[in-house]
Amino acid sequence: MKPTLFLLAAGMGSRYGGLKQLDSLGPHGETIMDYSIYDAINAGFGKLVFVIRKDFEQDFRDKVISKYEGKIPCELVFQSLDALPEGFSCPEGRQKPWGTNHAVIMGADVIKEPFAVINCDDFYDRDSFQVMGKFLASLPEGATGKYAMVGFRVSNTLSENGTVSRGVCEKNAEGLLTSVVERTKIERKADGAVKYLDENDEWVAIGDNTPVSMNFWGFTPDYFEHSVEYFKTFLSDPKNIENLKSEFFIPLMVDELIRRGEATCEVLDTTSKWFGVTYAEDRPAAVAKFESLHAEGVYPDKLF
Numbered sequence: 001m002k003p004t005l006f007l008l009a010a011g012m013g014s015r016y017g018g019l020k021q022l023d024s025l026g027p028h029g030e031t032i033m034d035y036s037i038y039d040a041i042n043a044g045f046g047k048l049v050f051v052i053r054k055d056f057e058q059d060f061r062d063k064v065i066s067k068y069e070g071k072i073p074c075e076l077v078f079q080s081l082d083a084l085p086e087g088f089s090c091p092e093g094r095q096k097p098w099g100t101n102h103a104v105i106m107g108a109d110v111i112k113e114p115f116a117v118i119n120c121d122d123f124y125d126r127d128s129f130q131v132m133g134k135f136l137a138s139l140p141e142g143a144t145g146k147y148a149m150v151g152f153r154v155s156n157t158l159s160e161n162g163t164v165s166r167g168v169c170e171k172n173a174e175g176l177l178t179s180v181v182e183r184t185k186i187e188r189k190a191d192g193a194v195k196y197l198d199e200n201d202e203w204v205a206i207g208d209n210t211p212v213s214m215n216f217w218g219f220t221p222d223y224f225e226h227s228v229e230y231f232k233t234f235l236s237d238p239k240n241i242e243n244l245k246s247e248f249f250i251p252l253m254v255d256e257l258i259r260r261g262e263a264t265c266e267v268l269d270t271t272s273k274w275f276g277v278t279y280a281e282d283r284p285a286a287v288a289k290f291e292s293l294h295a296e297g298v299y300p301d302k303l304f
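Per our numbering, residue 1 is the first one in the sequence shown, and the count goes up by one each step.
Calculated from the structure, these hints are not laboratory results. A virtual CB, placed ideally from N, CA and C, is assigned to each residue, including glycine. One or more of the hints may lead you astray.
As the list claims (entries may be wrong) - The calculated lysine-lysine pairs, modelled on DSS-like cross-linking and capped at a C-alpha distance of 27 Å, are:
#1 71 <-> 245
#2 63 <-> 289
#3 245 <-> 185
Claimed, not checked - Cβ pair distances, simulated, as ranges:
#4 233 <-> 78: 19 to 29 Å
#5 162 <-> 24: 36 to 46 Å
#6 66 <-> 298: 17 to 27 Å
#7 207 <-> 59: 35 to 45 Å
#8 113 <-> 191: 40 to 50 Å
#9 95 <-> 140: 21 to 31 Å
#10 202 <-> 86: 35 to 45 Å
#11 201 <-> 262: 31 to 41 Å
#12 59 <-> 202: 34 to 44 Å
#13 243 <-> 85: 31 to 41 Å
#14 191 <-> 58: 16 to 26 Å
With the hints as constraints, model all of the structure from the sequences given.
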């Protein structure tokens, strides 16, 4: 069975200033997700599932889904603040989405096969889809707890225009992830060192080649059940309810399953280099990069 590509497109795009998932960055009006989908199809993925906000469903269908009709099956699911397990309700005043792993849970009813998760506003490059597609396609039928992530060197994932959020990873000698911690502020400082702001508001230096998660994960379908159960634990913690900006991140869930010994997560090596549009100031460099990739023949004039 071909794996599915699950695309997270429900973000507000607050730092970038708009619905960057629909921004035309390629020389022929392509969005970043167009390149991801083109690379995924060529890597053997057989279905697309998008998680979006309900309020821009029609715009998304008209501008995005219509491109892929006849090329690959597509499904839409929706993330909302009140999409919570039975017995829980959204705290008054909360406006921020519940985070990436909450978005993943929304796909449980339509994804029954191994699947990869990516952000719609990140360019992951072709090799990363090849290595993830190969991993997922090689899993035995009915496999559980066999996960993977594409590891990128932190120095290849920074923005020149502000801090970025990354899952900082450690792996063992077998290449299996041992821990991943979401760090929401990482940047290169004036002294040349890459540092993240820790929970004590102190800047901690890490090596340029430290593997980080760019939210490119591979899961077997049992991941949904684990996520729903642990989300209940997350919502039962008063501090996560009182903090109206608390988020249920994918690395939080993966780290929990690894610690409990219920899953392994292979860190997949890749030659790919990431770029994206975290900030509006990132846009010109992204446009120039796509122009160059087309000019070099990496991508054809018309993707779809």
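**Item:** Violations among the numbered hints, reported as their numbers in ascending order
**Value:** Hint check: 1, 5, 9, 13 and 14 fail, others pass.
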